[in-house]
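S.K.: If you want the building blocks of each chain, they are given just below.
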Amino acid sequence: MRFLLILFASILTSNIALTYFLGMCPFVTISRNIGVAAGMGIAVTCVMTITATANWLIDHYLLIPMGLEFLQFLVFIVTIATIVQLLELVMDRYTPTLHQAFGIFLPLITVNCAILGISLFMVLRTFSFWQTVVYSFGSGIGWMLAIVTMGALRRRLVFADPLANFGAAGITAILAGFMALAFIGFSGMASL
Amino acid sequence: MADQVQLKVPKAGYRLFNSKTWAVFSEGVWHNNPIFGMMLGLCSTLAVTNLMSNALVMSVSVTVVLVANSAIISALRNHIPDRVRMIVYMLIVSTLVITVDMMLRICLPDISKALGPYVALIITNCIIMGRAEAFAVNNTVPVSIADSLGVGAGYTFSLMIMAFFRESLGFGTIFGLKVLPEAMSPIQLFAIPPGAFFALGVFILVVNTLKQRQAKEDDA
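Just so you know, the sequences run in chain order A and B.
Under the numbering used here, the first sequence has 62 at position 62, and the numbering climbs by one with no breaks.
Under the numbering used here, the second sequence has 32 at position 32, and the numbering climbs by one with no breaks.
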């Protein structure tokens, strides 16, 4: 598959937040503030690209030659936790300002299902190395696009007057439904 | 989420319903319900409720992992060092999920294929980690099991209701059996991803309305 096609599909038509429902917990809780949402989006994109690439290398050069595919889930989650910890240490040491801005998101990312989900999709779809890099980067951008748009929509909600019984989560779900409908409009153009 | 159990124990009724264990269980089904009470584990909820059979298998898998995980962590709660507890939890959950995934692949290969990566994603399901951190680390094994069973039952309850409406409206079937008349065509919106969001939103609205009514009756 051509790389541009994968990039386009992972950002728009197969958006991980709106089509595969990954990373829904921060999607509901963090989208209240658009600035925080953008920060989380950037952090997720970076971690997603690094971890998926690392997991591809581990999967192809360690697990498959040794016939240990059944350990994939365990190894993937340990890799993700390790990389997040390492990133935190490196950022704290060399870029303290960046660490202050994004540090709070990193521990949350370890248990973000989107990060593990991308590694699992990469195995299911048997992507090559560069396809994995493009796919994970595009998925991160797609997730950021979705959460930032949601942040903007929720800011508008201040002036609207939805039924109080929806609560924050209920109205977010309805908004996400409309966003997902809009994203389906792209689906004729490319798919994974 | 309270650290220690302090619940109203109902006075009347059978002995089972009087016990603290029962109170913890019922708390998990309604007030601590993972979907509409705590808003946890939404990814899998939205993804698997398109068909009732998928929802049922997913609910059972989550409940099994949740109960086993809480029991193990509660039993080891005085032996896990505080600094590394997260990674220990993750290793325990991953091992349990690998076991469940293998069982599903052998026993129910079709449904296992339909669920795709969502079984493996139980590892990062916030419900599992949430109950371990909020409850199992501070409570004994039997009470932790009761809590997990309650939360698991609450999860199953929410998923089955959402799947019932999504499958009957979106495909016109229930557990694969035709229920809608031929003349009425299924509303495909409920079968595709946006329908999942709408179903969840409306479900939360209905539950909140019911809760409000209940609170008013309690005050009166």
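No wet-lab data here; the hints were simulated from the structure.
We put the beta carbon where it would ideally sit given N, CA and C, even for glycine.
Hints may contain errors.
Stated by the list, open to error - Label pairs and their calculated CB-CB ranges:
hint	chain 1	residue 1	chain 2	residue 2	range
1	A	38	B	82	32 to 40 Å
2	B	83	A	108	44 to 52 Å
3	A	65	B	174	27 to 35 Å
4	B	82	A	66	28 to 36 Å
5	B	87	A	95	24 to 32 Å
6	A	168	B	113	45 to 53 Å
S.K.: Let me make sure I understand: some of the numbered hints might not hold for this structure. Which ones are they, in numerical order?
M.R.: 2, 3, 6
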